[in-house]
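Q: Start from chain A and add chain B according to the hints.
Residue numbers (the working numbering), protein chains in the order written: chain A, 10 to 153; chain B, 10 to 153.
Any given hint could be a false lead.
Remember, identical chains collapse to one label, so a pair may be satisfied in a single copy or spanning two.
Stated by the list, open to error - Subject to a maximum C-alpha distance of 25 Å in a straight line, what follows is the list of computed SDA-like cross-link-like pairs (lysine to any residue):
#: 1; residue 1: 87; residue 2: 63
#: 2; residue 1: 87; residue 2: 66
#: 3; residue 1: 87; residue 2: 124
#: 4; residue 1: 87; residue 2: 136
#: 5; residue 1: 87; residue 2: 128
#: 6; residue 1: 87; residue 2: 51
#: 7; residue 1: 87; residue 2: 59
#: 8; residue 1: 87; residue 2: 137
#: 9; residue 1: 87; residue 2: 70
#: 10; residue 1: 87; residue 2: 65
#: 11; residue 1: 87; residue 2: 53
#: 12; residue 1: 87; residue 2: 40
#: 13; residue 1: 87; residue 2: 37
#: 14; residue 1: 87; residue 2: 139
#: 15; residue 1: 87; residue 2: 23
#: 16; residue 1: 87; residue 2: 52
#: 17; residue 1: 87; residue 2: 33
#: 18; residue 1: 87; residue 2: 129
#: 19; residue 1: 87; residue 2: 152
#: 20; residue 1: 87; residue 2: 16
#: 21; residue 1: 87; residue 2: 31
#: 22; residue 1: 87; residue 2: 20
It should be emphasised that the hints constitute simulated quantities derived from the structure, not laboratory data.
Number of protein chains: 2
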Amino acid sequence: MTAQSCALCAGDGGEVLYRDELLRVVLVDEPGYPGFVRVIANAHVREMTDLAAADRQRLLAAVFAVESAQREALAPHKINLASLGNVTPHLHWHVIPRFADDAHFPEPVWGARQREPGPARLAERRARLAALRAAIAARLAAAG
Amino acid sequence: MTAQSCALCAGDGGEVLYRDELLRVVLVDEPGYPGFVRVIANAHVREMTDLAAADRQRLLAAVFAVESAQREALAPHKINLASLGNVTPHLHWHVIPRFADDAHFPEPVWGARQREPGPARLAERRARLAALRAAIAARLAAAG
Numbered sequence: 010m011t012a013q014s015c016a017l018c019a020g021d022g023g024e025v026l027y028r029d030e031l032l033r034v035v036l037v038d039e040p041g042y043p044g045f046v047r048v049i050a051n052a053h054v055r056e057m058t059d060l061a062a063a064d065r066q067r068l069l070a071a072v073f074a075v076e077s078a079q080r081e082a083l084a085p086h087k088i089n090l091a092s093l094g095n096v097t098p099h100l101h102w103h104v105i106p107r108f109a110d111d112a113h114f115p116e117p118v119w120g121a122r123q124r125e126p127g128p129a130r131l132a133e134r135r136a137r138l139a140a141l142r143a144a145i146a147a148r149l150a151a152a153g
Numbered sequence: 010m011t012a013q014s015c016a017l018c019a020g021d022g023g024e025v026l027y028r029d030e031l032l033r034v035v036l037v038d039e040p041g042y043p044g045f046v047r048v049i050a051n052a053h054v055r056e057m058t059d060l061a062a063a064d065r066q067r068l069l070a071a072v073f074a075v076e077s078a079q080r081e082a083l084a085p086h087k088i089n090l091a092s093l094g095n096v097t098p099h100l101h102w103h104v105i106p107r108f109a110d111d112a113h114f115p116e117p118v119w120g121a122r123q124r125e126p127g128p129a130r131l132a133e134r135r136a137r138l139a140a141l142r143a144a145i146a147a148r149l150a151a152a153g
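Chain A on its own, in the form it takes in the complex:
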């Protein structure tokens, strides 16, 4: 895959909550997972070890700022972090708040679906997205 055909070069990949010269933080529209965020390198870089150490550290500082904001705003049961990139080999981190009653728990979100999440619980989580956006912006502004 070249940068020309890469979805994360062609577009933002979600609702941009923060952006600087190295990275952007986007809220993604994953059905059943309100508050699912990705931290995406702006450059078409394949692996974490292809980044300079300082950039690697800044990218991860953003990942942990998001994790902290998700814990504060959503109080999830667990946070899942992953950098996979098998389909889109452009460095991006999945930062996923998990709940014991979500669609796949305790499986990873890429695993077998376990249940239909309750609409009331999902609505309750969606109602906290404004607080999540604010918490992410505050933490990244403080770090930047």
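A: Chain B only, in chain A's frame:
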């Protein structure tokens, strides 16, 4: 889950390649995935943001030392990194060398199985495990 019932408190979780007071690096016996490594916090800590920043950075330095060693010894198509912990909420990173012909590619290893990996290719990868062990030990000794 209490530390008393935690699999990663009760045992090493694999063949220990490196250990210090904060973490251990283990080679795990995952059928079809020679070179699959986990970096495991020794303490029963739940999330990355529960660790002090310096410990978080040291744990990740070990993850990237393993990633570099896997790239050097195995030349995988992609590296997958993940900290999930839904089943075992004791901080551990999966560091997984992926190949285009492995059992799940391009799915995550937790996703739908795609094929039966060829025994010759698996044997070839297993033959490089001695080089991987040496590369991990060398990189972590240099970092430690």
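Q: Hint by hint, say whether it matches the structure.
A: Structure-based check of each hint:
1. Proximity of residue 87 and residue 63 under a CA criterion of 25 Å is satisfied inter-copy only: 22 Å between copies versus 28 Å inside one chain copy.
2. Taking the shortest Cα distances, residue 87 and residue 66 sit within 25 Å of each other both inside one copy (23 Å) and across copies (20 Å).
3. Within a single copy, residue 87 and residue 124 get their C-alpha atoms as close as 18 Å, which meets the 25 Å cut-off; across copies the closest is 31 Å, which misses it.
4. For the homomeric pair residue 87 and residue 136, the shortest alpha-carbon distance inside one copy (19 Å) is at most 25 Å, but the shortest distance between copies (37 Å) is not.
5. Within a single copy, residue 87 and residue 128 get their C-alpha atoms as close as 20 Å, which meets the 25 Å cut-off; across copies the closest is 37 Å, which misses it.
6. Proximity of residue 87 to residue 51 under the C-alpha cut-off of 25 Å is restricted to the inter-copy arrangement: shortest distance 19 Å between copies versus 27 Å within a copy.
7. When the C-alpha separation of residue 87 and residue 59 is checked against a cutoff of 25 Å, the pair qualifies only between copies, where the shortest distance is 12 Å, while the shortest distance within a copy is 29 Å.
8. In this assembly of identical chains, the alpha carbons of residue 87 and residue 137 lie at most 25 Å apart only when taken from the same copy (17 Å versus 35 Å across copies).
9. Proximity of residue 87 and residue 70 under a CA criterion of 25 Å is satisfied in both settings, with 19 Å inside one chain copy and 23 Å between copies.
10. Proximity of residue 87 and residue 65 under a CA criterion of 25 Å is satisfied in both settings, with 24 Å inside one chain copy and 17 Å between copies.
11. With identical chains, the CA atoms of residue 87 and residue 53 are at most 25 Å apart between copies only, with a shortest distance of 14 Å across copies and 30 Å within one.
12. When the C-alpha separation of residue 87 and residue 40 is checked against a cutoff of 25 Å, the pair qualifies only within one copy, where the shortest distance is 18 Å, while the shortest distance between copies is 27 Å.
13. Taking identical chains as interchangeable, the C-alpha atoms of residue 87 and residue 37 lie at most 25 Å apart whether they share a chain (18 Å) or sit on different chains (23 Å).
14. Within a single copy, residue 87 and residue 139 get their C-alpha atoms as close as 20 Å, which meets the 25 Å cut-off; across copies the closest is 35 Å, which misses it.
15. In this homomeric assembly, residue 87 and residue 23 come within 25 Å of each other (Cα to Cα) both inside a single copy, at 23 Å, and across copies, at 24 Å.
16. Taking the shortest Cα distances, residue 87 and residue 52 sit within 25 Å of each other only across copies (17 Å), while inside one copy they are farther apart (29 Å).
17. In this assembly of identical chains, residue 87 and residue 33 lie within 25 Å of each other by CA distance both inside one copy and across copies; the values are 23 Å within and 22 Å between.
18. In this assembly of identical chains, residue 87 and residue 129 lie within 25 Å of each other by CA distance solely inside one copy; the values are 20 Å within and 39 Å between copies.
19. In this homomeric assembly, residue 87 and residue 152 come within 25 Å of each other (Cα to Cα) only inside a single copy, at 23 Å, whereas the closest approach across copies is 30 Å.
20. For a Cα distance limit of 25 Å, the shortest separation of residue 87 from residue 16 across copies, 18 Å, qualifies, whereas the shortest one inside one copy, 28 Å, does not.
21. For a Cα distance limit of 25 Å, the shortest separation of residue 87 from residue 31 across copies, 22 Å, qualifies, whereas the shortest one inside one copy, 27 Å, does not.
22. Taking the shortest alpha-carbon separations for residue 87 and residue 20, only the inter-copy value of 22 Å comes in at or below 25 Å, while the best intra-copy value is 29 Å.
Violated hints for the displayed structure: none, as all numbered hints are satisfied.
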